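Trainee: Make the complex out of the two chains shown on their own, each in a separate frame, by following the hints.
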Amino acid sequence: MRTIKEINEKIKKGQAVVVTAEEVIDLVEKKGIKKAAQEVDVVTTGTFGPMCSSGAYFNIGHSKPRVKLGGGVCKLNDVPVYTGFAAVDIYLGATAIPDDDPRNKVFPGEFKYGGGHVIQELVSGGSVRLEASAYGTDCYPRKKIEAHINLKDLNEAVLFNMRNCYQNYNVAVNLSDKPIYTYMGMLRPNLGNANYCSAGQLSPLLKDPCYKTIGIGTKIFLGGGVGFVAWHGTQHNPSVKRKDNGTPQAPAGTLAVIGDLKQMKPEWLVGVSMLGYGVSLAIGVGVPIPILNEEGLKYAAIKDEEIYTQIIDYSEAYPQCIPGSLGEVNYAQLKSGKITVKGKDVPTGNLSSYSRAVKIAEELKSWIKKGDFLLTEPVAGLPDAESGYTFKPLKDGPSLS
Amino acid sequence: MTSKKIVLRFPDRLVDQPIVYKLVKDFDLQFNILKASVTPQEEGLMVLELTGKKENYELGVEYLKSCGVKIQPLSKDIIRNEKKCTDCGVCVPICPTEALEVDPKTRKINFDNKKCIACELCIKICPPRAMEVHF
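Keeping their order, the protein sequence lines are chains A and B.
The letter at position 371 of the first sequence is residue 371 when you use the working numbering, and the numbering goes up by one with no holes.
Throughout, the working numbering is defined as the position within the second sequence, counted from one, plus 401.
There could be a bad hint or two in this list.
What the hints assert, rightly or not - Quick list of in silico lysine-lysine cross-link-like pairs, DSSO-like style, CA-CA up to 30 Å:
id, chain 1, residue 1, chain 2, residue 2
1, A, K335, A, K31
2, B, K484, B, K525
3, A, K31, B, K485
4, B, K525, A, K298
5, B, K484, A, K338
6, B, K406, A, K359
7, A, K359, B, K466
8, A, K369, B, K516
9, A, K35, A, K370
10, A, K335, A, K303
11, B, K516, A, K265
12, A, K344, B, K484
13, A, K338, B, K509
14, A, K265, B, K525
15, A, K370, B, K509
16, B, K405, A, K342
17, A, K31, A, K265
18, B, K509, A, K298
19, A, K105, B, K516
Unchecked claim - If we take Cβ atoms under 10 Å as the criterion, some of the chain A residues that face chain B in the derived model are:
id, residue
20, G14
21, V17
22, Y91
23, K112
24, M184
25, M186
26, P189
27, C197
28, G271
29, M274
30, L275
31, V341
32, G343
33, A357
As the list claims (entries may be wrong) - Covered by chain A, according to a simulated footprint, are these stretches of chain B (three or more residues, beta-carbon under 8 Å):
id, segment
34, 415-421
35, 492-503
36, 507-519
Hints listed in this document are in silico derivations from the structure and should not be mistaken for laboratory results.
Only a predicted model underlies this, so the values are computations on that prediction, with no experimental measurement involved.
From the three backbone atoms N, C-alpha and C, an ideal C-beta is built for every residue, glycine too.
One chain only, chain B, in its complex shape (with noise of 0.2 Å):
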């Protein structure tokens, strides 16, 4: 089994055609939307945690690429800029996946992106805005 979260961007020709639906049916892939959005320029954006068997998670990545989905490892996207970061940790009870913990001994903030879902509720209240969203 294999399970990774990806970042899915659509072009606007494919907004209306139910690629998520084929990855269930063709792949027998299970997936968790932990974000959808349409942008203004009408592409697609979403997120996906994507578990399947491992040939089945390949194919289903190629099946995407071949539609004109690109995609991206969900881990690039938010990023800390550490010169940026104070560790003060109001970001904490905010972050709803606890991607962002206070380390109990050295009271610095832990910044954990295999934990985070890209929810983007820390990127305006980082009153240093030291989060940084990258696609």
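Pulled out of the complex, with its shape left as it was, chain A reads as follows (with noise of 0.2 Å):
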């Protein structure tokens, strides 16, 4: 029906159809597929949840005289950060706490301040205390260095997020007597609540649920600026059962994401607190699906009723690994507010803003209609259902030597 490039071309000329991933829901309904299929162009996503396998590197720059903070400590605003690369690289983890932060000792954990903060922090213009100690070489003798870094001043600052944008995601519920403290937040005892993380109808990974136009070099929104698709996700699990409609009844593919965070806004990258879990990173990701066909519309325009997920038991099941469902629901009835477990009514929180998600389609939608926002060709696929590609477990025992 037409190719990435016609769409730029349109996109340049100010005249491309663009509609977010909610709207095209009601175009279709009025106008049926092909008719809908012929006008629309581009199906803007969104997504705005914690992510907590996010995190940025630095290149701090050199100091006189130089350091080598490979091998060595480092602290932003006292958050351990990874070293071990070359003198002043550096990669700071959504999830670091500082080495003095009590995490559960007191249970349940506050987790106030860490990795995703500072990221916020210095997204927001802030300045952040950095603490280093080397062991000292000749090319880099020297041990100690403290100093105030914030983002302009530094080489680079790039988001690199190792998995983002996860396609569907767990209903977790707590069927034992005790609340429990998880990173899907608090489940109280005895299914007193069911917490939801998704955007469903707005999701990015489920607007294209098969991975037909997303794919490694896909430019989206990220975190308010430009970034892209770097790989498929860790975990990335496309295998798992799929509803006709193509849509993953459970977790399934993910993505790895990277950007410059120069660009970046502190609304669309928010440091949170999960009590007696950890920190996180909320961040905002938005992917821009190009209608080539009927058939990617049909997909684009797959609505919150027509994607299922699994209620999982969260203080036995998930902690334990024991396969198994307490029920799948649809994303309309999680949205209702309540969906019924075990014969009993749940009522439901989301971890994932939905009225995010739709700022961010929409900011997006702006962005290409305003011409700023060209599409990219992907490079490579990412793995799909029929690739094989699985998720395995880890196996734990004593070593083999």
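Mentor: And the structure:
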């Protein structure tokens, strides 16, 4: 029907028809797939939720005399960063916390400050205290350094997240008689609440469920700036059970994404504290889906009622890796505020902000409409359901030697 | 009739006095204790919903003040830092009084502090820590 090249020509002329993944649902209902596919060039998606496997790398520049942080210890606002590279390259993980944080010693720990918060502070334009110690070499003699760094003075500041944009996620409940504190939030005893974490019908990988257009090299909205899909994300698991519409019924595909932190905005990179669990970073991601044919539009118009996920007990089944689901629900049910589990009405809560997902899809739409954002041809595809790619467990046990 | 939610702060010398009982007996007020605690400095804190005739309510409040109890309206107690809230909604099923609700249209989270009983359950479970206790 049309190619990405043709869509880009229309974008440059300001003639591309761009709608959000929410708007496209109504449009298809009104006009039908055939007619809507002739009209729509691009569907924009969005998601905003905590994504723990995120972080940023920095090149802090060389001090005089020089210092080699590789093999040494380095902290940003007391949060330890990974130094195992050359002299002044460091990587800050979203879940890193200060050494003196009490963690879960007094349960549940509060985890007020960590890597996610440092990233947000830097993106807000604030300066962050760097403290490092090194072992010293002939070429890098310095053993201690203290400085204040901010984004504009750093050579490179790059957000590089090894797993974002989970394609679907579990609904977490608690079957035990005690409250539990998880990465899915506080779960009240005896099915007191059910927490989910997805933008559903707006979520990027749920609107291109078979990865027909999203691939390595896809240009995206990342944290308020421009980023790219770098690879499939860690724990990418395309082979889970799927509905006839192609959507997975459990957590499936993921994306590794990369982008210039200096362009990003604190509204879309928010440090979060999960009580009793730890620190994370809530991230805004939006992916444009070019409508190349009717099939692509059919996928992009999938709605909440047609996307199903599993209800998992986080008091035992999840921590002990016991397979099995307490039932399947769709996102329209989850969004209604109440689902039924084992015959009981359970109130639902979302960890992923739907209203922010809408805003991301709208913003990406406006970038494309203004001609500021052209679409990219993926340079390679993501492993799909037929690839045989799977998510393997770790077998523990004594060493072989 | 009037009905208000108020925060009472008792200095330590009053902690062992039956002050709330007097509100019932002398001023014909109904009360519902929403929260009560004695802090480490032995100051007492109580959140009450006080209901009764308007003039009795005012006399009752005057009486409390004359005893040295500090009074604040409850609505000031829990506030949402709008800059921090991301409208995720993980607080919604935790809130016991539906003071935090999802707007079905915008999917934003509404906070109605008239319904809030200051139980503070939302404070620490809010991921961006947008809910704040203000005294």
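Trainee: None of the hints should be skipped; say for each whether it holds.
Mentor: Hint-by-hint comparison with the structure:
Note on A/K335 and A/K31: the hinted pairing holds, with a Cα-Cα distance of about 26 Å set against a maximum of 30 Å. Using a Cα cut-off of 30 Å, the hinted pair B/K484 and B/K525 holds, with the two alpha carbons roughly 17 Å apart. For the hint pairing A/K31 with B/K485, the CA-to-CA distance comes to about 40 Å; that exceeds 30 Å, so the pair is violated. Under the criterion of a C-alpha separation no larger than 30 Å, the hint pairing B/K525 with A/K298 is inconsistent with the structure, at around 42 Å.
This hinted pair checks out: B/K484 and A/K338 have alpha carbons roughly 28 Å apart, not beyond 30 Å. Straight-line distance between C-alpha atoms of B/K406 and A/K359 comes to about 37 Å, which puts the hinted pair past the 30 Å bound. Restraint check: the Cα-Cα separation between A/K359 and B/K466 comes to about 49 Å, which exceeds 30 Å; the hinted pair is violated. With a CA separation close to 43 Å, the supplied pair A/K369 and B/K516 exceeds the 30 Å bound.
Note on A/K35 and A/K370: the hinted pairing holds, with a Cα-Cα distance of about 24 Å set against a maximum of 30 Å. The hinted pair formed by A/K335 and A/K303 meets the criterion: a straight-line CA distance of about 12 Å does not exceed 30 Å. The straight-line distance between the Cα atoms of B/K516 and A/K265 is roughly 34 Å, outside the 30 Å bound, and the hint therefore fails. Between A/K344 and B/K484 the CA atoms are separated by roughly 36 Å; this puts the pair beyond 30 Å, and the hint is violated.
As the CA atoms of A/K338 and B/K509 are separated by approximately 17 Å, the hinted pair is consistent with the 30 Å bound. The hinted pair formed by A/K265 and B/K525 meets the criterion: a straight-line CA distance of about 25 Å does not exceed 30 Å. Proximity of A/K370 to B/K509 is assessed by CA-CA distance (about 27 Å); at most 30 Å being required, the pair is judged to hold. Between B/K405 and A/K342 the alpha-carbon distance is near 40 Å, which puts this suggested pair outside the 30 Å criterion.
Restraint check for A/K31 and A/K265: not satisfied, since their Cα atoms lie roughly 37 Å apart, outside the 30 Å limit. Of the supplied pair hints, the one linking B/K509 and A/K298 holds, its CA atoms being roughly 28 Å apart against a limit of 30 Å. This hinted pair does not check out: A/K105 and B/K516 have alpha carbons roughly 34 Å apart, beyond 30 Å. Taking 10 Å as the C-beta contact cut-off toward chain B, the hint placing A/G14 at the interface is violated, the least distance being around 29 Å.
Proximity of A/V17 to chain B is violated relative to the hint, the smallest CB-CB distance being about 25 Å (cut-off 10 Å). Proximity of A/Y91 to chain B is violated relative to the hint, the smallest CB-CB distance being about 23 Å (cut-off 10 Å). Here the hint on A/K112 is kept, as its CB sits about 7 Å from the closest CB of chain B, short of 10 Å. Residue-level restraint check for A/M184 holds (minimum Cβ-Cβ distance to chain B is 9 Å; threshold 10 Å).
Taking 10 Å as the C-beta cut-off, the interface hint given for A/M186 holds, the closest approach to chain B being about 5 Å. Nearest Cβ of chain B to the Cβ of A/P189: about 13 Å, over the 10 Å cut. The hint is violated. Against a cut-off of 10 Å between C-beta atoms, the interface hint on A/C197 holds, since the closest Cβ of chain B lies about 9 Å away. Interface hint status for A/G271: upheld, as the beta-carbon distance to the closest one in chain B is roughly 7 Å, under 10 Å.
The closest approach between the C-beta of A/M274 and any C-beta of chain B is roughly 6 Å, which is under the 10 Å cut-off, so the hint is satisfied. Residue-level restraint check for A/L275 holds (minimum Cβ-Cβ distance to chain B is 5 Å; threshold 10 Å). Contact between A/V341 and chain B, as hinted, is not supported at the beta carbon level, the nearest pair being about 13 Å apart and thus beyond 10 Å. The closest approach between the C-beta of A/G343 and any C-beta of chain B is roughly 18 Å, which is over the 10 Å cut-off, so the hint fails.
Checking A/A357 against chain B by beta carbon gives a least distance of about 9 Å; that is within 10 Å, so the hint holds. Restraint check on the segment 415-421 of chain B versus chain A: 0 residues with Cβ-Cβ distances below 8 Å, three needed, restraint violated. Residues of the segment 492-503 of chain B with a Cβ under 8 Å from some Cβ of chain A number 5, which satisfies the need for three, so the listed coverage holds. For the segment 507-519 of chain B, the stated coverage by chain A is satisfied: 3 residues place a CB nearer than 8 Å to a CB of that chain, which reaches the threshold of 3.
When the structure is compared with the earlier hints, violations turn up for hints 3, 4, 6, 7, 8, 11, 12, 16, 17, 19, 20, 21, 22, 26, 31, 32, 34 and for no others.
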